[in-house]
Amino acid sequence: MNKKFLRCLSVLAAVVLCLGPVACKKDNATDKQANNGGIPSIGEAINEAGEYYEYRAFYEKLPVEIEKGYMHSAKIINNKLYAIAEMYDEESGAVGDSELVIYDFDSKENKFLPLSKEDDSNDGFISSVFFNEDGTFQIVYTVYDNLSETSFEPEYLVYKFDAEGKGTLLYSLTDILAGEENSYLSGNCFTKEGNFVFCAETKVYEVGPDGVLLGKVDVPSWINNMFVDENSDVFVSYYSPNGPEQILKKVDFANRKLADAFEGVEVVGKMTLMPDGKYLVTNENGAYSFDPQTKENLKLWAWLDLDMQGYGDAEVVCTGNDSFKMVNESYNDGRQNYEMVTIEKVLVTKENARKEIVIGCLNTDWALEKVVIDFNKTSTDYRVKMKPYYEEGSDYEAAEERFSSDLTSNPKFDMVILDSFRFEQYAKKGAFADIGKLMENDADIKRSDFYENALDAFTVDGKDYAVIPSVEIYTMFGSKAVFKDKTSWTPEEMLELRKQYPDIYFLDYPIREEALMVALFASMDDFIDVETGKCDFNNQTFYDILEFAKTFGKDLDYENYNSWENMRNGSTIVSQSSLSDMSSYDSYKQLFPEGVTIIGMPTNKGNGNTFIAEQMFSILESSDLKEECWDFLKKLLNNTDYERMSYMGFPTLKANFEDYVKEKTKTDTYIDENGVEQISSIGGMGMDNEFIEIYPPTKEDMEVVRKIYESASSAIHYDEQIFEIISEEAEPYFEGQKSASDVANIIQSRLSIYIAENN
Amino acid sequence: MKEKKEKEQKQNNQLKKRNRRQKAGAALFLAPSLIGVFLFFILPFFVVMYYSVIDNPINAEFVGLQNFGNVFRNGAFKMAGRNTLKFSFIAMPLAVILSLALAAMMDRKIPFRSQFRTFFLTPMMVPVASVVLIVQVMFHYNGAVNQFLMNFGVDKIDWMKSDQAQVVIIFLFLWKNLGYNMILFLAALQSIPAELLEVAELENANKWQIFWMIKIKYLSPTILFVTILSLINSFKVFREIYLLTGDHPYDSLYMLQHFMNNMFKQLDYQKLSTAAIIMSLVMIVIIGALFLVENYVGKDVEE
Chain A
1 MNKKFLRCLS
11 VLAAVVLCLG
21 PVACKKDNAT
31 DKQANNGGIP
41 SIGEAINEAG
51 EYYEYRAFYE
61 KLPVEIEKGY
71 MHSAKIINNK
81 LYAIAEMYDE
91 ESGAVGDSEL
101 VIYDFDSKEN
111 KFLPLSKEDD
121 SNDGFISSVF
131 FNEDGTFQIV
141 YTVYDNLSET
151 SFEPEYLVYK
161 FDAEGKGTLL
171 YSLTDILAGE
181 ENSYLSGNCF
191 TKEGNFVFCA
201 ETKVYEVGPD
211 GVLLGKVDVP
221 SWINNMFVDE
231 NSDVFVSYYS
241 PNGPEQILKK
251 VDFANRKLAD
261 AFEGVEVVGK
271 MTLMPDGKYL
281 VTNENGAYSF
291 DPQTKENLKL
301 WAWLDLDMQG
311 YGDAEVVCTG
321 NDSFKMVNES
331 YNDGRQNYEM
341 VTIEKVLVTK
351 ENARKEIVIG
361 CLNTDWALEK
371 VVIDFNKTST
381 DYRVKMKPYY
391 EEGSDYEAAE
401 ERFSSDLTSN
411 PKFDMVILDS
421 FRFEQYAKKG
431 AFADIGKLME
441 NDADIKRSDF
451 YENALDAFTV
461 DGKDYAVIPS
471 VEIYTMFGSK
481 AVFKDKTSWT
491 PEEMLELRKQ
501 YPDIYFLDYP
511 IREEALMVAL
521 FASMDDFIDV
531 ETGKCDFNNQ
541 TFYDILEFAK
551 TFGKDLDYEN
561 YNSWENMRNG
571 STIVSQSSLS
581 DMSSYDSYKQ
591 LFPEGVTIIG
601 MPTNKGNGNT
611 FIAEQMFSIL
621 ESSDLKEECW
631 DFLKKLLNNT
641 DYERMSYMGF
651 PTLKANFEDY
661 VKEKTKTDTY
671 IDENGVEQIS
681 SIGGMGMDNE
691 FIEIYPPTKE
701 DMEVVRKIYE
711 SASSAIHYDE
721 QIFEIISEEA
731 EPYFEGQKSA
741 SDVANIIQSR
751 LSIYIAENN
Chain B
760 MKEKKEKEQK
770 QNNQLKKRNR
780 RQKAGAALFL
790 APSLIGVFLF
800 FILPFFVVMY
810 YSVIDNPINA
820 EFVGLQNFGN
830 VFRNGAFKMA
840 GRNTLKFSFI
850 AMPLAVILSL
860 ALAAMMDRKI
870 PFRSQFRTFF
880 LTPMMVPVAS
890 VVLIVQVMFH
900 YNGAVNQFLM
910 NFGVDKIDWM
920 KSDQAQVVII
930 FLFLWKNLGY
940 NMILFLAALQ
950 SIPAELLEVA
960 ELENANKWQI
970 FWMIKIKYLS
980 PTILFVTILS
990 LINSFKVFRE
1000 IYLLTGDHPY
1010 DSLYMLQHFM
1020 NNMFKQLDYQ
1030 KLSTAAIIMS
1040 LVMIVIIGAL
1050 FLVENYVGKD
1060 VEE
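Chain order of the listed sequences is A and B.
Under the working numbering, the residue at position 31 of the first sequence is numbered 31, and the numbers go up by one with no gaps.
Under the working numbering, the residue at position 106 of the second sequence is numbered 865, and the numbers go up by one with no gaps.
Keep in mind that the hints are not guaranteed to be accurate.
Claimed, not checked - Short derived list, chain A residues pointing at chain B, Cβ under 8 Å: (1) Lys429; (2) Ala431; (3) Asn441; (4) Gly533; (5) Ile725.
Worth flagging that the hints you see were computed from the coordinates, not collected in a lab.
Predicted model only: the values in this text are computed from it and were never measured.
Where a beta carbon is used, it is the ideal one built from N, C-alpha and C, also for glycine.
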């Protein structure tokens, strides 16, 4: 009996062990989370026939024209669009009246009704608008007129408007909020009963139609979002005080507490109850559904995939199962455009699948998104699908790892966007197509149309593997009083100068580690020959750099350190910075009393002005859509959107740079109190309690920058590992325990391995 | 007659049935291991082979032995290979000879034998992190060993960042592995037939002759086993070196596993896979050679 039992047990154990690997099957949930900051996406559930669902947007231009002004708070109720139009003349800055906009989708007619208040007051600005089913609406005005010297808290006035735009003051919230530490209304809404619910910091308030406070409920931490569902139940979402988890709870006003509601909402955003009992959560990344029963979070769409830019507060109306409507606002050609968007769930089959150019990247920016949307809306054959790995609020390092891993193992991209530090690593592996060949065969854009010195700086094995729309120049700004008209300096000269000024801060960030970095940035080629894989740190230049860095302290008392003041009083004579636009040049011009000299990073070769590229667009060698990718890149390069061109530095296309110069040197003037015409500032820079106004560059300034741009010839090869090894090994030299030669030997030994590995 | 035949037939059938059942049972019990070996060893090995013959996972174009050529020309790989072989060919014989000597000593009736045995086994119980910490405290540039040497007017030595680094690691390797090897040899020594040794003594064989002519022959399978074990352990010394010095140590400490580990970090699967295949081929050759030697030395015993 016992033997039999043991035998059965053994067989059972063997079966369990055999079945063990079955448990190792691919976890779909985990796999789906690859690109959505941990949330699975609807498009990743692919059936056996290779079909999947995705949401698609269908656009219809709204015939609502607002000549001067813009529309907001649009909401669709009973097939009518309700919105508020604010009249505003951008040129003169004149603010006009607010108007109620009603567009009837059935009759295709629109009405503009001026808002008028029965008390004729014209105070405050509209902070929230709530449209009701019957066409009436409530507006919360924020009024800053009654501010005292000690209080910056505004007054909140709640008005009720009829369908014709005539408003009556319901009540003021001033008394209700009196005595509260923070009365900023972070969320508000009306219930079906007409009660006004709002939240301020960590409290939720319910006010009756007569303006009497009905109840107040404390929430454990700052409220992220508040909404009312169809049953007039109020919900708040907030981060758990014990961790990063977001908690969603119903507010129980009767018992003055938060009820036990559902938890497990992984996305912060605006929540709306859908007919199937799930919640639609929208934020600046896209839309998600949350099922309170199963706790499942699912990404429905990214705004960009629907050809829209991030809508944090989009008013999405659920018009049925898997169908939504919203109004899309876009700003093109100097005016606001409005489109009615119908979003529907579509089963993607072989027949209706769209041809896509997939671009893998860590994150996108609004300027690039505009180009992508424009391309998608005009291209008939292909769409560009951005696949960003990082989403706001998710783990950046984890996103970087996922992106690298996907790019190296099994990329499903046609293109990637990398920065100059990552680009080279993949280009050397032969992952990218030769852009030079595409340029050679192109009738519109040739290599000679670019600043070729900028392209040359990023070539790998003599080939162009990336399109670089713009570059920044990493350099050093020196006091003209010290550097005169010098255009470059060597590490040896840097050490000599330091010896002349031993008692000043010298650098902008006068600490050893920074000094070492500054000295090595452009000099690395003196010590490492990437082509041959040889290292030579046993030379006088490296000893000079070590000696220079040793003259600085390990730490700095930042509390009593003011770098701007030090530049003014001559205690700081040189500062390292990126020349990405003209504002940094102008600020240094103002900070160094005798003017500024762009001296470059210290180096024995050339002038030490080095390029950095934030966005390098590379086409994957494995892509079948190389020509199509190139078409998109041409659109990107030819995009004359001024903001886009100057977003990441100076345009690399010569024609774009000339447009950039023209745009930048434009000046606006105003007449000051003395009747003198003055140039208007274009922005400013602040530090502590100080603010510097930045003015448009002069033509002379632009010529200085143009010369620097044209003379730069190398790219920064910043490798964290190399700097870490040098920093670590240089420490005993700084502490006086080892000689420069001993330290150089060790650095050479360790870095030789590192370089050889990658050679 | 017919009945007998039928009985035999029946017995044969029963025998076949039992055989089939036994085979099925054996297969069932072997299955977990076989599945495990297939999933975690054989399948990855084929994946590694695949990666070693393509240009990169993005293009996945067959490039034949080009990756092998690249790896053989790579300076870091050559250095890692040289250092690993050097370390193994110094540390492995030392580990075998010293542990055999210790076992021979423990096999004799010396005082405090039990305490000595415990003493040599103690390093096995110490966690690697603690070992590393102790070595760091002792062999740091400002560590205990240098402080001690300075008392005798000796200049400071940068133990972990100079050519002396391998000496420290060999010392660490021996300290960690001698005890276990010694126990294996001790067990083997105690299993040599006592009557054989008595006969040898009766026939006036001296101790040296007994050791070489009898004990070594009987110990040859254990020597082979300990040698292979030491060889494997010598490759595994990377763990201690990595904890002591990180990804890119001083060149004398750079081992093959550093190369492979760093290639993994850089997601360079081609170099990683190619190096792994080369390393396994070298291991096969060395272990094959050791088997041949063992066959030759131990053939008298087996016969």
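Hints that the structure is at odds with (numbers, increasing): As far as the earlier hints go, only 3 is violated by this structure.
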